[in-house]
Every structure is written in structure tokens, then in C-alpha cells.
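Protein chains: 4
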Amino acid sequence: MNPSLQRYLAQYPHRGRLLISCPDRPGIVAAVSQFLFERGANIVHSDQHSSDPEGGLFFMRIEFDLPDLVQRGPEIEQEFRAVSQRFSMDWRLAYASQPKRIAIFVSKEEHCLLELLWRWRAGDLRAEIATVVSNHLDLQETVAGWDIPFHHLPVTPERKAEAEQAQLALLAGRADVVVLARYMQILSSDFLQHWPNRIINIHHSFLPAFVGARPYNQAHQRGVKLIGATAHYVTEELDAGPIIEQDVQRVDHRHSIEDLKRIGRYIERVVLARAVAWHVEDRILVHQNKTVVFA
Amino acid sequence: MNPSLQRYLAQYPHRGRLLISCPDRPGIVAAVSQFLFERGANIVHSDQHSSDPEGGLFFMRIEFDLPDLVQRGPEIEQEFRAVSQRFSMDWRLAYASQPKRIAIFVSKEEHCLLELLWRWRAGDLRAEIATVVSNHLDLQETVAGWDIPFHHLPVTPERKAEAEQAQLALLAGRADVVVLARYMQILSSDFLQHWPNRIINIHHSFLPAFVGARPYNQAHQRGVKLIGATAHYVTEELDAGPIIEQDVQRVDHRHSIEDLKRIGRYIERVVLARAVAWHVEDRILVHQNKTVVFA
Amino acid sequence: MNPSLQRYLAQYPHRGRLLISCPDRPGIVAAVSQFLFERGANIVHSDQHSSDPEGGLFFMRIEFDLPDLVQRGPEIEQEFRAVSQRFSMDWRLAYASQPKRIAIFVSKEEHCLLELLWRWRAGDLRAEIATVVSNHLDLQETVAGWDIPFHHLPVTPERKAEAEQAQLALLAGRADVVVLARYMQILSSDFLQHWPNRIINIHHSFLPAFVGARPYNQAHQRGVKLIGATAHYVTEELDAGPIIEQDVQRVDHRHSIEDLKRIGRYIERVVLARAVAWHVEDRILVHQNKTVVFA
Amino acid sequence: MNPSLQRYLAQYPHRGRLLISCPDRPGIVAAVSQFLFERGANIVHSDQHSSDPEGGLFFMRIEFDLPDLVQRGPEIEQEFRAVSQRFSMDWRLAYASQPKRIAIFVSKEEHCLLELLWRWRAGDLRAEIATVVSNHLDLQETVAGWDIPFHHLPVTPERKAEAEQAQLALLAGRADVVVLARYMQILSSDFLQHWPNRIINIHHSFLPAFVGARPYNQAHQRGVKLIGATAHYVTEELDAGPIIEQDVQRVDHRHSIEDLKRIGRYIERVVLARAVAWHVEDRILVHQNKTVVFA
Numbered sequence: 001m002n003p004s005l006q007r008y009l010a011q012y013p014h015r016g017r018l019l020i021s022c023p024d025r026p027g028i029v030a031a032v033s034q035f036l037f038e039r040g041a042n043i044v045h046s047d048q049h050s051s052d053p054e055g056g057l058f059f060m061r062i063e064f065d066l067p068d069l070v071q072r073g074p075e076i077e078q079e080f081r082a083v084s085q086r087f088s089m090d091w092r093l094a095y096a097s098q099p100k101r102i103a104i105f106v107s108k109e110e111h112c113l114l115e116l117l118w119r120w121r122a123g124d125l126r127a128e129i130a131t132v133v134s135n136h137l138d139l140q141e142t143v144a145g146w147d148i149p150f151h152h153l154p155v156t157p158e159r160k161a162e163a164e165q166a167q168l169a170l171l172a173g174r175a176d177v178v179v180l181a182r183y184m185q186i187l188s189s190d191f192l193q194h195w196p197n198r199i200i201n202i203h204h205s206f207l208p209a210f211v212g213a214r215p216y217n218q219a220h221q222r223g224v225k226l227i228g229a230t231a232h233y234v235t236e237e238l239d240a241g242p243i244i245e246q247d248v249q250r251v252d253h254r255h256s257i258e259d260l261k262r263i264g265r266y267i268e269r270v271v272l273a274r275a276v277a278w279h280v281e282d283r284i285l286v287h288q289n290k291t292v293v294f295a
Numbered sequence: 001m002n003p004s005l006q007r008y009l010a011q012y013p014h015r016g017r018l019l020i021s022c023p024d025r026p027g028i029v030a031a032v033s034q035f036l037f038e039r040g041a042n043i044v045h046s047d048q049h050s051s052d053p054e055g056g057l058f059f060m061r062i063e064f065d066l067p068d069l070v071q072r073g074p075e076i077e078q079e080f081r082a083v084s085q086r087f088s089m090d091w092r093l094a095y096a097s098q099p100k101r102i103a104i105f106v107s108k109e110e111h112c113l114l115e116l117l118w119r120w121r122a123g124d125l126r127a128e129i130a131t132v133v134s135n136h137l138d139l140q141e142t143v144a145g146w147d148i149p150f151h152h153l154p155v156t157p158e159r160k161a162e163a164e165q166a167q168l169a170l171l172a173g174r175a176d177v178v179v180l181a182r183y184m185q186i187l188s189s190d191f192l193q194h195w196p197n198r199i200i201n202i203h204h205s206f207l208p209a210f211v212g213a214r215p216y217n218q219a220h221q222r223g224v225k226l227i228g229a230t231a232h233y234v235t236e237e238l239d240a241g242p243i244i245e246q247d248v249q250r251v252d253h254r255h256s257i258e259d260l261k262r263i264g265r266y267i268e269r270v271v272l273a274r275a276v277a278w279h280v281e282d283r284i285l286v287h288q289n290k291t292v293v294f295a
Numbered sequence: 001m002n003p004s005l006q007r008y009l010a011q012y013p014h015r016g017r018l019l020i021s022c023p024d025r026p027g028i029v030a031a032v033s034q035f036l037f038e039r040g041a042n043i044v045h046s047d048q049h050s051s052d053p054e055g056g057l058f059f060m061r062i063e064f065d066l067p068d069l070v071q072r073g074p075e076i077e078q079e080f081r082a083v084s085q086r087f088s089m090d091w092r093l094a095y096a097s098q099p100k101r102i103a104i105f106v107s108k109e110e111h112c113l114l115e116l117l118w119r120w121r122a123g124d125l126r127a128e129i130a131t132v133v134s135n136h137l138d139l140q141e142t143v144a145g146w147d148i149p150f151h152h153l154p155v156t157p158e159r160k161a162e163a164e165q166a167q168l169a170l171l172a173g174r175a176d177v178v179v180l181a182r183y184m185q186i187l188s189s190d191f192l193q194h195w196p197n198r199i200i201n202i203h204h205s206f207l208p209a210f211v212g213a214r215p216y217n218q219a220h221q222r223g224v225k226l227i228g229a230t231a232h233y234v235t236e237e238l239d240a241g242p243i244i245e246q247d248v249q250r251v252d253h254r255h256s257i258e259d260l261k262r263i264g265r266y267i268e269r270v271v272l273a274r275a276v277a278w279h280v281e282d283r284i285l286v287h288q289n290k291t292v293v294f295a
Numbered sequence: 001m002n003p004s005l006q007r008y009l010a011q012y013p014h015r016g017r018l019l020i021s022c023p024d025r026p027g028i029v030a031a032v033s034q035f036l037f038e039r040g041a042n043i044v045h046s047d048q049h050s051s052d053p054e055g056g057l058f059f060m061r062i063e064f065d066l067p068d069l070v071q072r073g074p075e076i077e078q079e080f081r082a083v084s085q086r087f088s089m090d091w092r093l094a095y096a097s098q099p100k101r102i103a104i105f106v107s108k109e110e111h112c113l114l115e116l117l118w119r120w121r122a123g124d125l126r127a128e129i130a131t132v133v134s135n136h137l138d139l140q141e142t143v144a145g146w147d148i149p150f151h152h153l154p155v156t157p158e159r160k161a162e163a164e165q166a167q168l169a170l171l172a173g174r175a176d177v178v179v180l181a182r183y184m185q186i187l188s189s190d191f192l193q194h195w196p197n198r199i200i201n202i203h204h205s206f207l208p209a210f211v212g213a214r215p216y217n218q219a220h221q222r223g224v225k226l227i228g229a230t231a232h233y234v235t236e237e238l239d240a241g242p243i244i245e246q247d248v249q250r251v252d253h254r255h256s257i258e259d260l261k262r263i264g265r266y267i268e269r270v271v272l273a274r275a276v277a278w279h280v281e282d283r284i285l286v287h288q289n290k291t292v293v294f295a
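Chains as they are written, first to last, in this note's numbering: chain X, 1 to 295; chain S, 1 to 295; chain F, 1 to 295; chain L, 1 to 295.
Any given hint might turn out to be false.
Since the list gives no way to pick one copy over another, a pair counts as held whenever it fits inside one copy or between any two copies.
[Unchecked claim] SDA-like mimics (lysine to any residue), calculated; alpha carbons at most 20 Å apart, straight line: (1) Lys261 - Pro208; (2) Lys160 - Lys261; (3) Lys290 - Asn217; (4) Lys290 - Cys22; (5) Lys100 - Ala172; (6) Lys290 - Pro196; (7) Lys261 - Tyr95; (8) Lys261 - Arg121; (9) Lys261 - Asp124; (10) Lys290 - Val251; (11) Lys108 - Asp124; (12) Lys290 - Gln249; (13) Lys290 - Leu260; (14) Lys290 - Ile257; (15) Lys108 - Gly123.
No lab work stands behind these hints, which were simulated from the structure alone.
Go ahead and model the full structure; you've got the sequences and the hints to work with.
This is how it looks when you write it as C-alpha cells:
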């Protein structure tokens, strides 16, 4: 565990994050805040969203400090069921003291990987980087020296299913989220089913523009004046999963396809890093192929 | 009253906004949300901010619908005192059905005024424009046709106190907020005391850079690569009041002072319009010369 | 003619803009600058672009002052043919003293129209607004008082061809560029052939995302984190013409479709105004469905 | 030399960049372009700027390919003197085949250094990184593995002059530009005189706001809504040298001073990297404490 993360955990040992989705109706905030207050919690942040006050959905994220949260967690979760059933809630309680473990999948390009590593070392990514998995050896040296295991699992068309089984075995019990940091393979439907809403991809265009392969070539061909990148959860339909974050940068007629790729690298890495940070801090709720991000 | 505002009011006749500042401690959210729930309110939006969970300040804005709010308002305000005293709250309850009345002060430049008028007509400024006051006649024609009174109150160095008395008399009971939309006079300390945190100015620089006169000339002289504008509440120290909103735009060596003024106009009008919209929707809390904006 | 434009013309009575496209090869800049120098021109701005130094295309825009340009223009154009033939140039010489005449087409929404009118009055749009044409009467009052003719030409499915004939007749000899400022009709192929690369449309999405109808609904459905607008020349393929300018603004899960429309209005009007300003200042060259914009 | 840079140099072995400043008058472009054409050059990019067409200054940057430029350079420079004298030019010819050598000065923070190293490895920084100099040992390990010398030269108040002499000795003949990548020492006037307009600093505020120490603390205290960073050439007056590049990012009341520092790191590193890239590609002209950047 890196020192920045250790400092964060030492500072907030009893911090919890409660995430709730349910049909909207009066009394939810009162019930949840009363529940936490009675157990001695101090609410540090609270965000909520109603998709529509009349008959819509209600989303909430509460970050709180509660003495001995880790020890009392099971009991509190048990007790919260009464509240959650009353309001038909989907909910989960996350413990900041149990940081998520990230598995980073890469191919040959290093920029997204490096950004994650650097933010992690700077303490801006409150998670552990459990492993780096690649279908190529190009980035083995980049990872060396970071004290993070690098796994080379080649993927060929014929043996893709086998490779994915090896990946799944490697991840089982060792990772909580998979980040595709310019991983140039399409994951099978079977793989995806093991990790719903837990695989984050960076697509190098402003989706839904330029779905699929070679988006910078498509952008250059179309003559757009802004290029972008999109971080999204991976679903079975290519590049169509819930969008977590997007950003763009201005380009013009002077920029070649190579320039777009170069400029794009800096958008990609920033957009992906933001999305991963939000995920590991339990700031994202997914509903009907869209995200609610309490940034 | 303009039709867009009427539609908004008809849609949300029972909407209230409760704003609270108090020392932070556990139980505030529970107490407030329980209070509202017991009176039949449905919380539509809720924002809160703790300056520091340990011994800091707590700020909250709750937007809710409550049947017959207007009629029951006095009683509810009376009842809320018990809660507010328990937590040493500064608080106020605003009624969306009573839109704020804006007095716009201008001199010769029309761009900020036009932006406010247009957003108002489009329904994006949920307030009434009560009057336009100017020390010049240049914009009288601009206002004509809008069905808004235009008052010409000349200001000379010798008779400034007298002019301000006339302005104050004009505003008394007729306006809730004063917007200085490129009004080129400095208001006296006496005037300001009548309208604390209720006078919004647009300064044509990214404050605190380029305080005082001719900021675009200063910016050109310094060779900055971004120019900006700042909307702030007016206090006695020139250009030093609580900042509400800022924005910038890229410039370069090709831009003359005239170009900076031209580009700046579009930043000024957008920044001012955002600030005024937040003010009239009760989204701003002021504390120690800084703002908390629940945008 | 508005006073700001008159001031500009009085300040630069002899200003010309030479626009050139040709196959790239050495000597073009030398030949053109020598030609202008020999005739007494002072080059004020010069921009050039090579799509590829090896066998690509060369684009140039030169803005210059040349004494008695208007009187000597025909002779100079005649003489320039020798240069243009040597390098196989497409070229044109524009005279700043002959400002372009804009015909604005609108339907019911006023925001893009208002932005153009204000910028025109502020002197930021160096052109004349010749006429406003609409298929509805909603904006007649908006245009009244601006001393600009408003033409109501209703368009029905059955009589669309007839309506377009009336529009073309109205424009003939009276306009140089057509701006579709939220004009909600699709122009026929026949109409477009009369005005190649001279019809500018504002599409309310970041093209090529959300082509076609109701882009804000599409954007809300997809859950994008940025919404945008695109100004482009109109060609036969819907929303697929050369892109002139684009911009975006951040949105999130809190924004309803109505909010997207409201936020979008401010992007649309800015993007369209920039595109029109560039067009009337002869800053745009079109090549193979893409633009070179010397902004 | 890194492989990306080698590829660039192999691709453009004969590329030159001519930079000119002189009083503006007709004929400059013609004379320079004719001079280059006669020697077989192909102009790839050309930028110019007139501070004022009437009696102002003229700035030009021409990038061109000319066969055997390196061998013929001395002769061409000799011949160009006739042109330069005719127009009273300040000028220099830079050879892309001789990439600039950067000395990076750091203290304890790694983010700006890392950004430069990564961009360099990615081929986006067309220069050599000659050395890293630090007054601390903290970043020795970061530099290890990059095959770049790391020099630890401690600086104490008593022995600052001595330390600077050691720094100057280290740089002499080995570096062309000094980049202060969060180097927390103020260089003496004596040091600066050796490197006029060749020392680039990153200041962690939007200058001229928050000059001097602890700008993020100042920004938090003032309650600004945007924080920024500024890359500038270092002159004797602290934080007042010619500004090369600036950028900002939005913050709000929720951000602590620690958050501002964290967010600021990403602005600082991007702004500094852009400025350094422009410098090493000879895109910056300095005149009267301002820069002309042909980006």
C-alpha cells in the first residue's frame, strides 16, 4: 500500500459511504439521516438526485464518520434493512478503510497507465493497484520498479477464450474493478458478465461520435473542431455502455491525424483518471445505461 | 410579469427554499429533514457543505414542495425556531412564489443589460426586473419596448450624495437586489450599508488580478494569455467583495486592447447572468467574504 | 448601415483580402508577396496552411492595405491572373469596403437571431443584415425596431417548392450569405445549388453525434456529460456539410431535457455567431467537405 | 537521444526555423520569401504578427525545408545579412537537426518533472533532456532509470552564491534552456544575466493574481472560483517576467487548500509542458516583457 493512501486511511479510519437508489417519495432523507444520527454518525458529505419529484427515482450518496464503523458494520447493515425495505431501496455500504483493488489492462500504449500510476503515488487515487495485465510485453519495463505484478497474457484470435479464462482466474479475489487503459482487445460477453458495471474503458472519441476503430482517423476525416475522450462502463454493445466522464480539446485544420493522436493522449489520460477516481470513491450510481456521478 | 416566469410559478406554487448556516455537529440533517417530513414536504433538491467536519461550519440549502406553503409559511417559520435555536442556526425560508425584484444599474454599455433582459424573457432568470436606473440616457432606447421603467438619475461629483438618496428612494420597497451591469460609478459606503450582500457587480477582470480602473488595458500591458470577468457582491473595499462567479477566455498576442474589450463583453455578460440567476434562486450563502454557491 | 460598421469601413477603406488554394510547391509565398509589394500593398495579416508539404494543398489568406484598392481592383485582379495560372490557383479577392449582406432565416426561436443582431449592433459582425425571413410570424415583433425587413414566407409540405422560389427571388441580388438561425425546415437540393458554401446552419449537437431531429432528447437519452453545437455549411446530406465551428458545455445527471435545451441555447448562439463572423471576414476556405478557418 | 526524437530528426533533416523581429514596413514578407525561394527552400509554416500596421513592430516565424541546410547554413546566414540590414531585423536561424538541450531544476515535487519526462519519451518534446539539478535528494530515485544525470547541489542561505556558481558551471556548454519545474529557490540577478529569456518557471497561480509565496493559500483565502498556473520567463522582478502560457480550472467552496494543490498540480504540469515545447521549437519571441507565441 502506498504511503499517501495509508495517510488517508489513518486520517479517516471510520469513514463509510452509503449509496442508495429507490423510488422517490417523501421521508427518505429524514429516515436515512435519522438512522445514521441514532448510531452516532456525523454526515460529512451528502448528495442526492431525484430524476423527477413526481414518481421518479431517488439517488443518494452519504459520506459519514461513525466510531468503530468497521467493527459495527455488519450490525449496522443488518439494522438498515428495515429502512431499505420500507423504501424499496437498492443500497450498499462501502468502507473507506477497505480501498478498492484495481486491475489495469493495457496493450502497448503507456500514457493512461502512467497517469494512473502517478496519481496513485500522489495519493489522488484512493485505491490499490493490484495488478497490470497485458497482451503484450511492451509495458513490462514501465511497470517494473513500481512493485506491482505485471502479467503477460497473450491473446490470439484462436485462443481468446482461454486467455480470458486465465485473466478471470488472475482477477478472482484479487481485484474489485478492471480498468481498460487502452487495452486493444474486445472482451467477450462471458467475461463482461463476471464484472457488471465494474469494467471501465477509455474510448478515444467524444461518444457517441466515432464509435469503433480508429476514431482519430474518423475525426480527421470529418473535420471536427474538437476531439474528445469518453470513459464508460463496458457493456455488450461496443462503446455504448454508461458514460462516466467526457472531455474535449480544440483542434483545427493544421492538425494531422498524428497530431490528433498526440493531443488526444492528454485528454484520454485525464478523463480515464477522473472516472477511476470516482469509481473507487463510490461516487457513481448506474441506472438504465446512464450514470449518476456525485463528483 | 413575463409569461415564462408565470409558467414556472404556476408549475411550482408551493416550492420553498430553506437556507441554513450553523456550527457543524451531528444531527442537523436528521433534524431538518424530519421537521420538513412531518409537515408533508417533499425534498426536491438538497445541498450541504461542511467547511470542516471537526468544529467547522455547516451550510445547507433544501428545496422542497409543501402543500399550501404560502398560507402555512408563517406558522412553519415559527415552528422552525425550535430547531434553529437548538443548532444556533442562521437561516431563512424563501418562497419561489415570491420572485425577487431586480434593479439594474447601467451607464452606457448595453451588453450586460441585454443579456439579463434576454434571459429574463427566455425564462432563465426566475425574477422580476423592477427597474433600470442609469446615470446616462444612452440606454433609454434599449429599455423602451420592454415595459420596464427606466430612470435617469445623473451623478456628478458634487451631487453624488443627493443622487444616491434618489436611488435609494426609488429602490425602497420596489427591489430586492441591485445589479451593477457595467455601472461606472462607485457606490458610497452609506449606500452599501442599505444593501449588504444584495448588490452584485461585474468586474471586467479575473479578480484579484487587475483591480480598479481599465482592467483590459492592464491585462494587455501585462501580456496575459487569458482574460476574465468576476461577479461579486459589493463591499466597501473596491473589487474585494465575496466572489460569486468567474470565467475566462483565451487571448493571444494578436489581440489589441479593443479586441480584449470585445471578447471581454461576452465573458462579462455570461458571468454576470449566472451570478444573478443564482442569487434570485437563493443559491448563495455568504460567509467571511466568501460565497458558498449551491449551483 | 450601422454606425459601428461605418466606423470600421472608414478606418480601413483600402483593405483587401486575398484567398488562395492551390497545389503546394515552392515559391508561392514569394510570388504572391512580391506581387502585392510591387503594387504598394502593406500586408497586415497573413495565414497559410499546407495540408502536406509533399504534394499536398496550399491555402493562404492575406489581408492587406493597398491605396485606392477599390478603383484599382479590376486592374489588379486582371494582373494577378498570371500569378494564379502559374500556380494553378483557385483564388478570390474580397474588398472590406463591400461588406457582405446576410439573410437570416428563422422559425420560432429567437436566441440565435438576437445574438446576431446584438453583435451586429456592437460592431463585432462586419456585415450588413439585409433581411430576416421566417416561415412563422413569431419573431416579427423581435425584428421590428431594428430597421431590417422581415419577410413572412410560410412553408407547407404541399407548397414547399413554391415557398423556396419566393425565398430565392427575395435573396437574388440582395444577399451574399444565408444564415439558418434555428430555421426548422430542410432546404431542397435545388435551393442549395444556388448557394454552395454560402448557407450556414447551426445544429444543436456536437456533430457527428446526434444527427437529425431532437438532438437534446438524444443526448439526454445517451447520458452524455457534455452537450454541444455545430455550425456548418449546408450540403445535400443532412447535418453532414463542412464543419465551421463547434463548442460544448458540461452537463450532468441533474439536467433534464429542458435544461439541456436551455444550456444549449447559449452554446448555439455563440457558435453560430463565431461562424458567421468568420464567413463575412473571408476567413474560411472549403476543401473536400472540410474547412480551413484562419481565425 | 530518445527514439521518438531520432525519428523526428530523421524525418526532417533539413528543416530550419527563421525568427525575425523588426519595424513594420511594406516588403518584408516579399524579401524574406524571395530570399528563401531563391535558395531552394520550401516554406512549410509561416506565421507573422504586426503589433500595429502603422509604425509598429513586425514579428515572423518561418519553418522551411532546404536541401543540405546544415552544410549550407553558415553561407545562408551570411547572405541573409543583406536582407536583415535593409529592414533592421533582429533575427536568428534555428536548425531542427540541433535539438535544444534542457536542464530541469527541481526541489521535492515530482509532477512537473514527470510530465516533461513522459512527453519527452512520447516524442512530444522535441529536445534533449541534458540534466536534472536539485537542491534536494527526494527526486533522485524518480530520475534513476531514465539515463539522465541527476545532480544534487544543496542550496543554503549562506552558500547560495557558491551553489549558483556550481550550477552555472554544470550548465555551461551543456544546456540551452533552464526549466524550473517547481524549483523552490529564487535565482540571483547574477544567475539570470547568464540566461536571459532562457529560464522558464511555472508559477502556481493565474498571474498577476497571487504573486509570491503560497498562492494556493492566497487563492483559498480570496475565494476565487478558478485556479490557474502561469509559465513565464524569469526576470529580476519576482513572478513578473514575460508570460508564455496560462490555464485555469474551476474550483468551488468544497475545495480545501489541499484540494487546490492537488487540482493545481494538473494545471501546472500541462501549462509548463506547453511552454517548454514552444520554446524548444522556437515558437516564442519576446518583446518588452511580453511574448509572441506562434503556437
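Checklist entry - Looking back at the numbered hints, which does the structure fail to meet, lowest number first? => result Those not satisfied are hints 2, 7.
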